[in-house]
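Peer 1: Chains as they are written, first to last, in our numbering: chain A, 1 to 115; chain B, 1 to 112.
Since the hints were made in silico from the structure, they are not lab data.
The beta carbon of each residue, even a glycine, is placed where N, CA and C say it ideally should be.
Don't take every hint at face value.
[To be verified] Not everything, but these chain B residues come out facing chain A in the computed CB check (under 7 angstroms):
1) F45
2) K56
3) E59
[Claimed, not checked] Below 35 angstroms or equal to it, Euclidean Cα-Cα: the simulated DSBU-like pairs (lysine-lysine) are:
4) B:K27 <-> B:K60
5) A:K71 <-> B:K104
6) B:K27 <-> A:K14
7) B:K27 <-> A:K57
8) A:K57 <-> A:K9
[Claimed, not checked] Covered stretches of chain B, as calculated for chain A (at least 3 residues, CB under 8 angstroms):
9) 27-41
10) 99-111
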Amino acid sequence: DGGITQSPKYLFRKEGQNVTLSCEQNLNHDAMYWYRQDPGQGLRLIYYSQIVNDFQKGDIAEGYSVSREKKESFPLTVTSAQKNPTAFYLCASRMQANHHVYGYTFGSGTRLTVV
Amino acid sequence: SQELEQSPQSLIVQEGKNLTINCTSSKTLYGLYWYKQKYGEGLIFLMMLQKGGEEKSHEKITAKLDEKKQQSSLHITASQPSHAGIYLCGADGGGSNYKLTFGKGTLLTVNP
C-alpha cells in the first residue's frame, strides 16, 4: 500500500547536536511538506518542496534545513541553531497536476526530544 | 499568510450529544480541509471543501463552507467516544504555490 513513512517515531538528542528526520513516500506525489506541532499551536509549516531539487521556506524555517534530491524523499535536519527543537514533526505530501488540488497525505510523525 | 481561527479551543460533551466546531479565515478560502488527529499520531483526512455553500457528510460528520468561502463548520451528530481527538482545519491559499495553513485545533473529549 502507498503511503508516507516517517522514521524514527521517537528520537532523543543532546543539545547542540544536529539531527535528521526521515520522510519517504511511495505515492508518486510531487509536493512534500514538513510541519512542526507544539501543544496548543496547531501545525506550523517549516519547509516545502513542489519539485525535485527545489524547496521553499515556510513560516518557521530558521534552524532547519532540507533537501529534495529524489521525488520520494524529503529529509529534515534540525540544526543546533534551532532554539527550541523539542516538538512533534509531521511530514506530508500531495500530488499536483494542472493546478487541481488533491488531498494532502500525512505521515505518522516523529517526536523529537532534545535533552 | 492566511490565518485560520478555530473555535472552541476545547470541547467536552456527553456521549450522544451533537457538537459544532468552527473555522474562520482572514482571507477567501480556496480549499478547506478538515483533519482529525489522535494525540501523538498523524492526521486523518476527513473532508475537503472548495465551493461556496458546499456541504459534505461522512457517517455522522458534516462539514460546510459558507457562500463567501471564509468560514467552515464541522458538525458531529450523536457523538461517540471514538470521535474524541484533535480536529484541525487547514486551508490552501490558492495561486500557484499550494501550501496548507492550519488553525490551532479543537480538542474534543466525549464522555461515556
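Peer 1: Against each hint, give a clear statement of whether it holds in the structure.
Peer 2: Do the hints match the structure? See the list:
no.	hint	result
1	F45	holds, 5 angstroms
2	K56	violated, 13 angstroms
3	E59	violated, 18 angstroms
4	B:K27 <-> B:K60	holds, 29 angstroms
5	A:K71 <-> B:K104	holds, 30 angstroms
6	B:K27 <-> A:K14	violated, 41 angstroms
7	B:K27 <-> A:K57	holds, 21 angstroms
8	A:K57 <-> A:K9	holds, 24 angstroms
9	27-41	holds (count 6)
10	99-111	holds (count 7)
When held up to the earlier numbered hints, the structure conflicts with 2, 3 and 6 and fits the remainder.
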